[in-house]
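Protein chains in written order, with our numbering: chain A, 25 to 136; chain B, 10 to 431.
Read the hints as simulated data drawn from the structure, not as lab findings.
Relax, there's no trap hidden among the hints.
Chain B regions said to be covered by chain A (calculated; three or more residues, Cβ under 8 Å):
1) 21-33
2) 55-63
3) 66-80
4) 153-159
We treat Cβ as the ideally placed atom computed from N, Cα and C, and that holds for glycine.
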Amino acid sequence: MEKFMYLFRGGGRLNQSPEEWQAQMHKWYQWITSLQQKGTYVSGDPLQAAGKQLSGTAKVLTDGPYTEAKEVVGGYLVVLANDIDHAVEIAKDCPIFEENGHLEVRPIQKMG
Amino acid sequence: MSLTSDNAAGPLVDHLFRHEAGKMVAVLTRLFGIGNMSQAEDIVHDTLLKALESWKFGNIPANPEAWLYMVARNKAIDLIRRNKLKRKIDNDLTISLQSEYTLAPAIGELFGPCEIADSQLRMMFACCYPALSAEAQITLILNVLCGLSAKEIAAAFLTQTDTINKRLYRSKERLRKENKPLDYPGEHEILKRTETVLKALYLLFSEGYCSAHPDLHIREDLCEEAMRLVILLTEHPKTNLPQANALMALMCYQASRLGSRINDNGNIVLLEDQDRSKWHKYLVEKGNDYLVLSANGPDLHEYQIEAAIAGVHANSASFDDTDWQLILRLYDRLVIITGNPVAELNRCIALARTGELSAAVEKMESLSGISDNYYYKTSLGELNYQTGNIAVAKELFEAAFLQANTLAEKELLQRKLELCCF
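Construct the complete structure from the given sequences, taking the supplied hints into account.
What follows is the structure, given as structure tokens:
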């Protein structure tokens, strides 16, 4: 099994009421739980919207990401899969697509 | 207390988000004052969205409520520190909020269980502000205390979202203009104001109980919300009145039959045909308990009689075992206390059940101010059918058919009309 990282962008709330947000929450819970039951899930965390950027030889410090909200990484997940196709297959059930969000699948580079 | 037992397995209890929304709006409005309610609502909105974003990657906290309260509390402290409230806070907390030493502890205390219930009760009185129509009161309760959106309220009342939005806007404007601290009514007023609250909750319950909404869950949700709020009233010394317990008893008895009133095909099942083994035993027992608790006041309240009547039905082993004499005597009292023609109508039905069929028809025909009522036509039709006046019965059923609001009611009358044709 290989490790893959899912990077989540965009998505977020679809609806207008607490009851609907909870229903949306529940879909994520079910998806994550199914990954855990299959032994696919390794770890995952949300990322706060605020942050700092350091860049260049001068180590210029700026606030941000400050890109468009839909381009900010809102969270990540590390999963185990046979290969990239398998990792993509697993990702297809993610509720973020109902929210019109974006999921990037990246193999984690094995060293040595 | 869940009427439906399909609690989808998950770490969050059913309706957690909207129930917590109601609690937090109440607490923050208690803190900020009713003039700043929209800012309280904004904080709650942001808090729930933050929960959604933070929890969805598999990190639901062990105590979700505490997490929400912490976020909401910090947002509130931030708003006060930065002086961003639209109106100055002017209540018993003002002094504690002016010092950094007491600011956070004072706000933290408001999120304790007793203080939350206290804020919810204060909010209930605010929503049932006497100058607002009953309709507006119920809509406010559902939105502010139960966390339902305008769209969801509109669905439950089978009306337009726009209508509900306008009603909410106007009612909130009205409350905002008052800009009073979120407080209990004074001692001389609290009894009367509690009556208004009970009445609104009773209407809310009836809306769920009587409407044959295509979506069963919406009906049950309304009943459940009404019961949840009456329980709050009975748990607080200031509002734990006999009539509150009586109303709770009535709701328990009626809710115990919720699942038996409509069959799998969506047809209405009348009391005499209901499968009593399907009645919710726990709720019947709860009803009995609350009825006992309601009996410690000097006066007899209409809710006590209504509950007692519902209790006779709920505790009868079968329709034939029903003590109609007792029910008739209870309706006699109810008619005296309320003078309500619907009570008179029900008294006539009970009278017929004791065997006084022709007296019941005669009495019912003499009732005034109710002859246009759908239930009146159906009931009088039924009594006429039983006395053999099939032609009169048929006419009344036909008239009722035209007034029926729901498919289930129409189907029931269709069945009655078919019987008239044999």
